[in-house]
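A.B. asks: Here's the letter readout for the chains.
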Amino acid sequence: MKGSGAKGGSATTTAAIETQGLTKRYSATLALDGLNLTVTPGEVYGYLGPNGAGKTTTIRLLLGLHRPTAGRAALFGVDAWGDAVAAHRRVAYVAGEPFLWPALTSAETFEYMARLHGSTDRAYRDLLVERFQLDTNKKVRALSKGNRQKVQLVAAFASRADLLILDEPTSGLDPLMEMAFRQTVEEARACGQTVFLSSHILSEVEALCDRVGILREGRLVDEGTLAELRHLSAQTIDVVFAGPAPTIGGLSGVAVERTGPNGLRFEVSGSPQRLLEQLVRYPIASLTSREPSLEEIFLHHYDARDGRGSG
Amino acid sequence: MAPARAIARRTLADARIRDGCFALFFVLFAFANPVGYRHTYPTLAERVAFAHSFGTNKAVELFYGAPRDLLSVGGFTAWRFGGFAAVITAIWGLLAAVRALRGEEDAGRQELVLAGAVSRRSAYLAVVAAISISGVLMWLAIALGLAAARLPVGGSAYLALVTVAPAFVFAGVGALASQLASSRRLALEIAVAVLAACFLLRVVADLGSGLGWLRWGTPLGWSEELRAFADPRPAVLVLPLLATALLFACAGLLAVRRDVGSGLFEARDTAAPDYRLLSSPTALAFRLSRGSLLTWLAGMGVFAGIIGTLSTSFTTANISANLRDQLHKLGGATITTPAGALGFYFLLFVLAISLYACSQVGSIRREEADQQLETLFAFPVGRRGWLLNRLALATAGAAALALTTALLAWAGAASQHAHVSLARLLEAGANCLPTALLFLGLATLAFSFLPRASSGIAYGLVTIAFVWELFGSLLGAPNWLLNATPFQHVGLVPGQPFRAAAAAAMLAIAGAAGLVGIYVFSRRDLAGA
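Line order of the protein sequences matches chains A and B. Quick note: the first sequence uses the numbering used here, first residue 1, plus one each step. Quick note: the second sequence uses the numbering used here, first residue 1, plus one each step.
Derived by calculation from the structure, the hints in this document are not laboratory data. Just so you know, not all the hints are guaranteed correct.
As the list claims (entries may be wrong) - Chain B regions said to be covered by chain A (calculated; three or more residues, Cβ under 8 Å):
#, segment
1, 92-102
2, 278-291
3, 501-514
As the list claims (entries may be wrong) - Okay, the calculated beta carbon distance ranges per label pair:
#, chain 1, residue 1, chain 2, residue 2, range
4, A, Gln183, B, Gln372, 28 to 38 Å
5, A, Asp79, B, Ala484, 50 to 60 Å
6, A, Ser286, B, Gln372, 34 to 44 Å
7, A, Arg67, B, Ala107, 22 to 32 Å
8, B, Val256, A, Arg67, 43 to 53 Å
Everything numeric in this text was worked out from a predicted model, so none of it was measured. Glycine included, every Cβ here is placed at the ideal spot set by N, Cα and C.
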């Protein structure tokens, strides 16, 4: 029953994020088309899509910065547009492009943001400043993009907000800082915070997220846990025979590709049962099976335009 | 060569709206002066009377410089238009240079440009070429306006040259300031400070007895010494030419030698934390705008002090019947008393404080364009309360300006034993506010409905309203059209009584516009740059 929006339920079962038919049109462009999304409290939700798919538009609507053309969005049951201030009391946001106050130092920015939010965990903030290796006496205008991003991340996580909305938060970070980021998200998860992570860095989403939604041209084309998503996609089986590879074909849901004189690669959708029944007839030197990576699932949705395009 | 041409074209395209506005202003301003003079002083007798009264007045010279010949249309125009327009072209020049040089670098675009197949030298020269082309366009605009008002073409071209010469010199100042400062704002501040010093030097040279030689020390003085329509001395043009070449050459030498993105004056990038004025967005806005408010206060305060000390300089010498009629139309019959003179000059403070109001909405819009508002409104901060507080802050700033001008004008007048009471001057200060708030309200309306065009609309409205106030009646416009500008309804306190009904109407419109603006802003999408 995870993921079902409990409207009017008690506080514990109210969805952290719930959108119904959320639509945004900018003059000629339909940026978001009837998005239905539910993120439950305590969940780390990965929001995937290429540039221009509508990720940032979704976030602007969730934060009440832009007004929905149709549909509605609610954060913890509070309307995102109509009652934005109340909704934001439980939210912290990290923008994809860090737009801060250039004349303030990081320390001053933290203080200002803490006052705006109403509270902050100062001890945790100091720890995060250490972890992200920030020089807090530097003015924001003198910081690189990655460092400005770190300022936003530290302020957001230190707020201990119930819901963290992160828009491509690691786009300017180096691999070390990326690891620090992952650690911090894990800590937020351990505290029961909800994280909405918009990203196109698939390894990050794969490592962190409980559930994933894939957005394409303003519509959600796939959603589920990674296991669920994998189920629907092909898995890869590489076989090396003890001798020349035989000819195996005619199985529905199985694509075959020759990888060498003795090797074959099978892309299997659904159960591999029928393929395995065939394979046992031949001497096999090695067999490896691999689940599709998120990257392959992702590419599947964008390459196979003919396939299941509409969600 | 191709990349340089692309840079020059880009620079011209970026500046097209600002250049267009300035050119339009120059055409109209150049046209209105000769036409107005002919209309107001049709006979020689009246011109002689004018020359004896207004022409020798210190407070008038403050703005327009020392006159050479007030009996001919050309001579009058050279003084009345040339002296003032030279300051405006100087402002245009420094804006153009700072925007195209330090502005591009501040925005990080210069790195992109120089990563292309173009040397620093040709990138710099391309910008200088673009500014020069724009400068020539300004020259043509002025010459066109003057010639259209039936001044001789040759004289018009020469006066236009005299007027536009400071534009080139101060473009050079802006170019040099762009090399020294590491931010656009600092570069502008340096260039404006140089202009203010040059203006002050000209004022001292013109007003002080035996100090005329000081004119040679300021580009604005050179324009006076070029003596258009009176006794032209084209050889003096060597001075602005040399100065321009020297400034641009120095700036160019620095531009090709320093690191891109840095300036000779390194900005301080680290600071011990200062947690004051961080408690709310309004507090932060005040913290970040303190410097510019102080600059406004200092500039207007000094000016008000000078005006106050000069308020006794108007004598009851014969003012022509026609001029009296004109003054009456402008609403001030009693310019010959200190109170009357101050009433006239406070109209300029009404203008200045209105422009300040526009600048406040401009900075609100800049925060939206820079997307700081997206960061801000993700916090539990309501848009209506935020905008209301920002407008309150702007109002407080305007009130501080009004109070400062009133106090310093009073101090100046008191130093000359003029009979103007402090209470009346405080009233004159307060009288600036309804108009300024009206423009604040209208600017807010523009900000909420047309955010991307709001700054242009706000400054444009104030400029048009004021130019219309100056020249509408001279051009013989009908009354209802003249009454369209708010400046027409400002009582010239302390010379005239405060016009309570007009002030109340302006405040009512300001309040309504502000409230509608706040409501509409709270209902619209945030708009990026």
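A.B. asks: Does each hint fit the structure? Answer for all of them.
C.D. replies: Hint by hint, here is what the structure shows:
1. With 0 residues carrying a beta carbon less than 8 Å from a beta carbon of chain A, the segment 92-102 of chain B misses the three-residue requirement, and the given coverage is violated.
2. Proximity of the segment 278-291 of chain B to chain A, defined as three or more residues with a beta carbon under 8 Å from a beta carbon of that chain, is established by the 6 residues found.
3. Three residues within the 8 Å Cβ limit are the bar, and the segment 501-514 of chain B against chain A gives 0, so the coverage statement is violated.
4. For the pair Gln183/A and Gln372/B, the supplied restraint of 28 to 38 Å holds, since their beta-carbon distance comes to about 29 Å.
5. Our hint of 50 to 60 Å for Asp79/A and Ala484/B is violated, since their Cβ atoms are close to 44 Å apart.
6. Remark: the range hint 34 to 44 Å for Ser286/A to Gln372/B is contradicted by a beta-carbon distance near 58 Å.
7. Roughly 29 Å separates the CB atoms of Arg67/A and Ala107/B, a value that falls within the hinted 22 to 32 Å.
8. Taken as a hint, the range 43 to 53 Å holds for the pair Val256/B and Arg67/A, whose Cβ atoms sit roughly 50 Å apart.
Of the numbered hints given earlier, the model fails hints 1, 3, 5, 6; all others are met.
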